Structures are given as C-alpha cells and as structure tokens.
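K.L.:
Spelled out from the first residue to the last, the chains are:
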Amino acid sequence: MSWISVEKAKRLEERFGYPKVSQDKSGVVSVEVPKDKFIEFLKFLKEDKEYDFRMFLDLTIIDHGEKEDPRFQGVVILFSPTYQYRIIVKTWALDETLPTLTNLWKGAKWAEREAWDMFGIKFEGHENLVRMLLWETYPYHPLRKDFPLEGIKDTYLPSLNETLRGDSLEGLFNYDRMHTAIPTMEDLEITQKKRMPVKTSQIVLNWGPLHPGTHGTIWFLFDLDGEYVKQCDIIIGQLHRGVEKLGENVNWQQFIPYTDRMDYIAAINENHAYVLAAEKLLGIEIPEKAKWIRTMMAELSRINSHLLWLGTYALDLGALTMFLYTFREREKIMDIIEGISGARFTINYFRIGGVFADLPYGALDAIEHIIKDLPERINDYETLLTRNRIWLSRNKDVCIITEEDVYDYGLTGAVARGSGVPYDIRKIDKYDAYGEVEFDIPVGETGDSYDRYLVRMEEMRQSIRIIQQCVAKLRKMSKNDPYFFQTPDEKKLKVTIDGRGMKLPAGEVYASSDNPRGELGFYIYNKKDGLKAHRMRIRSGAFYNLQVFTKAIIGRPIADAITLLSTIDPVVGETDR
Amino acid sequence: MGVKKVGAKPQTLVEKIFFLDFIKGLKTTIKHLWKKVITVDFPYEVVTPPPRFRGVHGLRTVDGTENPEFDSWVKRLKIKPPEPGETRCIACKFCQAACPVPELFDIQSEKLDVPEDHPHYGLKVMTVFNMDLSKCTFCGLCTQACPTDCIIMTDIYDLSSYTRRNWVLDKDMLTQIANEFASRRRDEKFDQHSQWREDQKLWPEYDKTREKLWDFNMPKLGPNYHDQTA
Numbered sequence: 001m002s003w004i005s006v007e008k009a010k011r012l013e014e015r016f017g018y019p020k021v022s023q024d025k026s027g028v029v030s031v032e033v034p035k036d037k038f039i040e041f042l043k044f045l046k047e048d049k050e051y052d053f054r055m056f057l058d059l060t061i062i063d064h065g066e067k068e069d070p071r072f073q074g075v076v077i078l079f080s081p082t083y084q085y086r087i088i089v090k091t092w093a094l095d096e097t098l099p100t101l102t103n104l105w106k107g108a109k110w111a112e113r114e115a116w117d118m119f120g121i122k123f124e125g126h127e128n129l130v131r132m133l134l135w136e137t138y139p140y141h142p143l144r145k146d147f148p149l150e151g152i153k154d155t156y157l158p159s160l161n162e163t164l165r166g167d168s169l170e171g172l173f174n175y176d177r178m179h180t181a182i183p184t185m186e187d188l189e190i191t192q193k194k195r196m197p198v199k200t201s202q203i204v205l206n207w208g209p210l211h212p213g214t215h216g217t218i219w220f221l222f223d224l225d226g227e228y229v230k231q232c233d234i235i236i237g238q239l240h241r242g243v244e245k246l247g248e249n250v251n252w253q254q255f256i257p258y259t260d261r262m263d264y265i266a267a268i269n270e271n272h273a274y275v276l277a278a279e280k281l282l283g284i285e286i287p288e289k290a291k292w293i294r295t296m297m298a299e300l301s302r303i304n305s306h307l308l309w310l311g312t313y314a315l316d317l318g319a320l321t322m323f324l325y326t327f328r329e330r331e332k333i334m335d336i337i338e339g340i341s342g343a344r345f346t347i348n349y350f351r352i353g354g355v356f357a358d359l360p361y362g363a364l365d366a367i368e369h370i371i372k373d374l375p376e377r378i379n380d381y382e383t384l385l386t387r388n389r390i391w392l393s394r395n396k397d398v399c400i401i402t403e404e405d406v407y408d409y410g411l412t413g414a415v416a417r418g419s420g421v422p423y424d425i426r427k428i429d430k431y432d433a434y435g436e437v438e439f440d441i442p443v444g445e446t447g448d449s450y451d452r453y454l455v456r457m458e459e460m461r462q463s464i465r466i467i468q469q470c471v472a473k474l475r476k477m478s479k480n481d482p483y484f485f486q487t488p489d490e491k492k493l494k495v496t497i498d499g500r501g502m503k504l505p506a507g508e509v510y511a512s513s514d515n516p517r518g519e520l521g522f523y524i525y526n527k528k529d530g531l532k533a534h535r536m537r538i539r540s541g542a543f544y545n546l547q548v549f550t551k552a553i554i555g556r557p558i559a560d561a562i563t564l565l566s567t568i569d570p571v572v573g574e575t576d577r
Numbered sequence: 578m579g580v581k582k583v584g585a586k587p588q589t590l591v592e593k594i595f596f597l598d599f600i601k602g603l604k605t606t607i608k609h610l611w612k613k614v615i616t617v618d619f620p621y622e623v624v625t626p627p628p629r630f631r632g633v634h635g636l637r638t639v640d641g642t643e644n645p646e647f648d649s650w651v652k653r654l655k656i657k658p659p660e661p662g663e664t665r666c667i668a669c670k671f672c673q674a675a676c677p678v679p680e681l682f683d684i685q686s687e688k689l690d691v692p693e694d695h696p697h698y699g700l701k702v703m704t705v706f707n708m709d710l711s712k713c714t715f716c717g718l719c720t721q722a723c724p725t726d727c728i729i730m731t732d733i734y735d736l737s738s739y740t741r742r743n744w745v746l747d748k749d750m751l752t753q754i755a756n757e758f759a760s761r762r763r764d765e766k767f768d769q770h771s772q773w774r775e776d777q778k779l780w781p782e783y784d785k786t787r788e789k790l791w792d793f794n795m796p797k798l799g800p801n802y803h804d805q806t807a
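Here the protein sequences line up with chains A and B, keeping their order. Its first residue numbered 1, the first sequence is counted upward by one per residue in this note's numbering. Its first residue numbered 578, the second sequence is counted upward by one per residue in this note's numbering.
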C-alpha cells in the first residue's frame, strides 16, 4: 500500500545497473545503491518525471553492530506527490561518511545533524555540521550499539540522593552517585556559538529555552537587523530522552507508554502510528471493532490537540478568553478519554493487535453528546477570531510557506495543507477505518499563518464528521465482537495485551499516521525475530515542521516569531524524542 | 479525493466602518457572562475518578472472589495456599516482566521453614513486594499481566510526599490500599470473578461534582451496543 511497485523499481535496476531492489513482506520497497552513485541516483529520482520523488520524508542511519563491516547504513525515505507512493533508498556509509543531501533537499540539514549527533556519521559538504539534540562538547554518539542504555556514568552528582533523613535508602531504591554527563554553562555557550558562527548584527537575541511563548523548551537564536530577522537557528534537545534508544531496549507492547510521552498533547495518535507499524511488521489484520474504536479515538484526540493549539495560539497573540473557552471543551474530551482508558494525558489505550479493553458502558453516548455540542462551540471561536481585524492583521500574509518548501523540508500535517498541498496519510495509506469514512482534506491557498489557522479549524469540523460515522458504525456492532486480535495458532504467533513473550519477525517496515502535528512515522528494522527492535527510527512531524521556522522567519519582524511558531505548532516532546 | 479549499476573505467596508467584527465577538463574550461557574473547587470538592482510573497500585487479598484459575496458579508456582485475608500474590513476577521500567519492582519469595512432615513443606511465600512509584509511568501493563488479579490500580492520585522514600510502597501498604479500595468501590470495578465488569460505566453516575465541568449538561449514559445491558 502506497509503495512504489516492484516492477517500476526494477526498471531502475535495468537503467542504471547498480541498484538492488528488494521488497519486504510488509510491502516496503527499498533500493540499495553504492555510496559513490548515491547523490546521482537520488537526483535522478527527484528530477525524473516518471518517478518524481520530490518530497523528502526522512533520513536516518542503521547501526548493524560493532562486528559488522561495513557497519553503518544510510536510509532515505522519499515520497512522490504525483504518484502518491514512497521509496526507501539505502547506501553503506563507508569510512563513517556519507555525501550530503542538503543540495537536493534543504530539509535534510537537521536530519543529517541528528545522524551525526546520534551515530557519528560525517556528511561531506554539509554547511555547518553541529550536533542536533546534545551539546557540542558531548563526547559520545548515543544511538550506536556499543553505547549502553543507562549511559556512561562519569559525573559525580551526589545531590540526587535523599538527604532529609540521612542518606539511608538501600538496595534497589538508592540512586547512584555517579551520573551521566550533564552540560555546564560553558558547554552551552560553545554550543550556541557553533550554531551561529557568523553573525551580522551586534546582538543575537536568545528566545527560550524557558519562555512561555515557545510552548516548551526550545531555544531560538535570532540575528536581528533592527527588529527584522536576518538569520535564525534553533537549539533543541532540552527534552531529549532517547526514546529511539529505549525503543531498541524494551519489548514491543512496553514501548507504547513511552510513545505517550513524545507528543503528550495527542498521545493517542502517537500510539496509533507505533501500533500500525508493528502490526504491519507482524502482518496481522486487527478486528473490525478495534479499527473503528481506534479511528474514533484518534479523531477525538485530534480535536483535543487542536483545541489546545487554538487556545494557546490565541493566548500568545493576546486573546486570553479563547484559552478559557477551549479548555472547557478540552476538559470534557479528556473526561471521556479518562473514562475509556483510565488516564487523561498519557493514555496508553491502543495495543499491537487492537485496544486493551472494550468501550465502557455509556462511552458512545458521551461522545455523541460532545460532537453534537462542538460545532456550535467552534462557530463561537470563529466569531471571536476569524473576522477580527487584529487577528487578521497579525496573521494575514505572515510568514508564507510555499509549496516548494513543503517538498524541500518534508513538511506534513496542517502546515503542508495550509500551503495548498493535500498531503494526508489518512487518505494515502487508508489505515484502520479511514478508508471507509468520508471526509475532506482542507487546504489553504497562500500558505500564510491565517491559512494554517483556517485549515486547523476546518480539520476539527472534519474530525467531528469522522467521529459521527464511527459512532454510527459502532452502534451496529455487538458487545461480543472481539476488540483484540485473536491468534489462530498460539504456538506460531503470540500476541498478548501485556506484551510478555511477544516476538516480531525479521524485516523492515515504515508506517505512519497523520498526527495533529504532521506525519509521525515509525521505521522499524529487525535483523532477526525478536522481543526488541534492532533499529527504531521515529520520523517526527514536529521536528521537520519546526525546521522550516528558520527559513520562514527570515526578513520578518521579531513579533511574527510567535505567530509562526504557534501555527507550526510543534510539541517539544516529539521534536526532541 | 475530497479536498476543501479554505481561504481568507478580506474585510468588507461595512465591517470596517461599523466595527461589526468587534460587535459579533462581544456578543459571544456577553453570552458567556451569565453562565454558572464550571470549575471544581479543589480540594474542597473532588471529582470521583472513573472505575478504570489508573492510580496508585494495590495488592488484593483472598476474599472468595478469585478467578477460577487461581488455585491452579498457586499449585503451579508451589506457593502456600493462602488463607482468606492473605495476599493473592504468587510471586510469579509477571508484572515485572510486563513493566516498561522493570527495576521499580522488588519481588522476593522464600521457602517456608517448616519440618518435613508439615503439609506446607517445600512451599513458598511472597516475602518482599516493594514498588518504587517515583519510577512508575502508570501505564497499567502490570495489572493486565497479573494472572491472579492481585495487583490492581486504585483511584488514589495524590501521592506527593516530603521524601523520596515515601514513594516506595511495601507489601503491607499496598495491601491496605487495595483493601480500602475494594471496600469503597469494588462493585464498580470487578465482577464476581474479580475480572473487569462488562457493564463498567464510563464514570460513576452518583458523582454530582462532574456535572459542573460538563456545563450542567451531562450526557445520559446508555448501552453502547444493541445487545448490551446495564
């Protein structure tokens, strides 16, 4: 589904001779090319009209282990907007170097920085290859297989231990006095200077990392001319917890609570993307009821997330009341989610194979109640904002993101749709019940902040439409229908709700879901059948969307930074992972 | 593919001159001016958590509602058959195996020190069950892994304390939490076999505080599916 056909890929083999095409059981089509032909091949894929892989999705590295030679493999995922399919291009990173992709897609800049940071792969020709998530003086590359999960404890830090009643905690519950490295003020200063080596003005404005307007811990550097931005860079990583490393060290179901904590605003959608990828690798089809429940919950979560976005966005631009109104509706949605799954925020309701429990008595009534109420509320918000002259002048023609940028930077979600690109995984992949529900993709015209605002407002209305169809469908089902995958042969395939002893087969898979923040993709590479993944790559939509900030803000006054950041709507938990 | 164009319309002259945008906005604001307060006055008022709420853990005791496989599990793991009132834990460590942070559990069992002719000779009892809740993510995987429905999650959510030590709950504390929870709300959570009730409600309907946050317009809870009964 939505991968280039093998026949078409084989034609590449005939044409060039060197590519090796292979297809995994999960449907992923990958092409392996030698390193010296890598750029030439990618350039062909991008520019040839027959293939037309204009859109950059992701770049990552697989570490095959210390003993392997060659050890590191570069993986690039591309998408063709014309033909609506993807392809994976791989090459071996000999001598721990790869040629840079930034001349083809500007969006590869951050991905390459991250690959350098996490794996120590140098990209030849990259304009300023600095670390992405960690600080500049950090000596290790943590996603390498020889780096231990608990880190290298080389800093003496006794303050974590209990002191109020003496240091008397014993055994398991004591804390180690040695801690993994933490950055000092000097380290941060070096990091900041390396990020912006050439400055044009006297003052570089620091915004963040702890500023309410940044919606989390993002550290912006603005090089200003008067109040106009000439240069911009972003330092992220203050919330980096190594979720990818954790994904390679915990069992399959146990990873779901960690995905909750990435994009904590829309935890259900994070779970969704992960379970989709794992199910594709397992090659199972989940029960009908689970599909519809999941679709409904994912859309409920999308509304929840957009309500928070609307409230804080309006709050940042000075409309305080909006925040209170949206939080009132959000509270109701969270109340329903709490009743269904047991938690308001870190939900952990989905499982590989379905959901962990059926809907409780009365859940559909409460959801019906809220979707009857919501359209009226959204109209209320729109009367307050949409035609308001202050709102218009703060948003209209502010920070235009063009269609070209969308393909170059791999922008997804509402940011892409605001620029007029109808890129929606729900329509492309048709995962779960999205193939059977009717909804429209809202797209903007100019790609300014106002369009992104309108797109998200319309998205909420479309979500309500989807939920209505899900509720109607679920009403017709029986309470005895299964909500979790039933194994035909327990000995061959074990899928459990708690995840003990569950194995996923060898292979590779890339699956994604359309998050409120863009395309969240999970690339899982499994060397052999295992309880844990060999490589778990998380393609974060917010990470790539945030990258365009550094371009769209150029030439705009500093006040527009707030508007642009709010309409891009990143969540730091997901950008940093 | 359904694509819907959204785009900006410029303000009309009439709108500009008569400040129609502001008047419309103010209308919405004034409409909300006469509404009742919807916030809950915590801690004087509290909302009762739903039955599925994932709060602080508890260890249940034997009270005659064990699931049918309980005896066979006790036999399989060579545990001393528990008397009523004793813990259901059989020290199988399934909870630890299912936990995303396994180091938060400290579970130990010991062989009973009895003479060879005693009926409990060679059997084990669970002696240590410590949980460090400062590491817990409250994901609920341990409760789903438990074969005897021993470890449960209660409706307690305020677990602040002055020292980190107080987050480490031992087996007596956990048992007490579960007993209190069972006497308070067992009928909502478990059926006669200690499994999840099929008719479990989205939230307890006796809780009147919740009405506030629903704008005094609560949905009426009914069956989800056509063959479901309350």
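Incorrect hints may have been included.
Quick list of the computed label-pair ranges, beta carbon to beta carbon [unchecked claim]:
1. A:404 x B:579: 19 to 29 Å
2. B:803 x A:557: 51 to 61 Å
3. A:559 x B:799: 31 to 41 Å
Don't read these hints as lab results, they were simulated from the structure. All values reported here derive from a predicted model rather than from experimental measurement. Just so it is clear, CB atoms sit at the ideal spot from N, CA and C, and this is done for glycine as well.
K.L.:
Taking the hints in turn, state whether each one holds.
P.N.:
Consistency of the hints with the structure:
Roughly 25 Å separates the CB atoms of residue 404 of chain A and residue 579 of chain B, a value that falls within the hinted 19 to 29 Å. Range check, residue 803 of chain B to residue 557 of chain A: Cβ separation about 59 Å, and the 51 to 61 Å hint holds. Our hint of 31 to 41 Å for residue 559 of chain A and residue 799 of chain B is violated, since their Cβ atoms are close to 51 Å apart.
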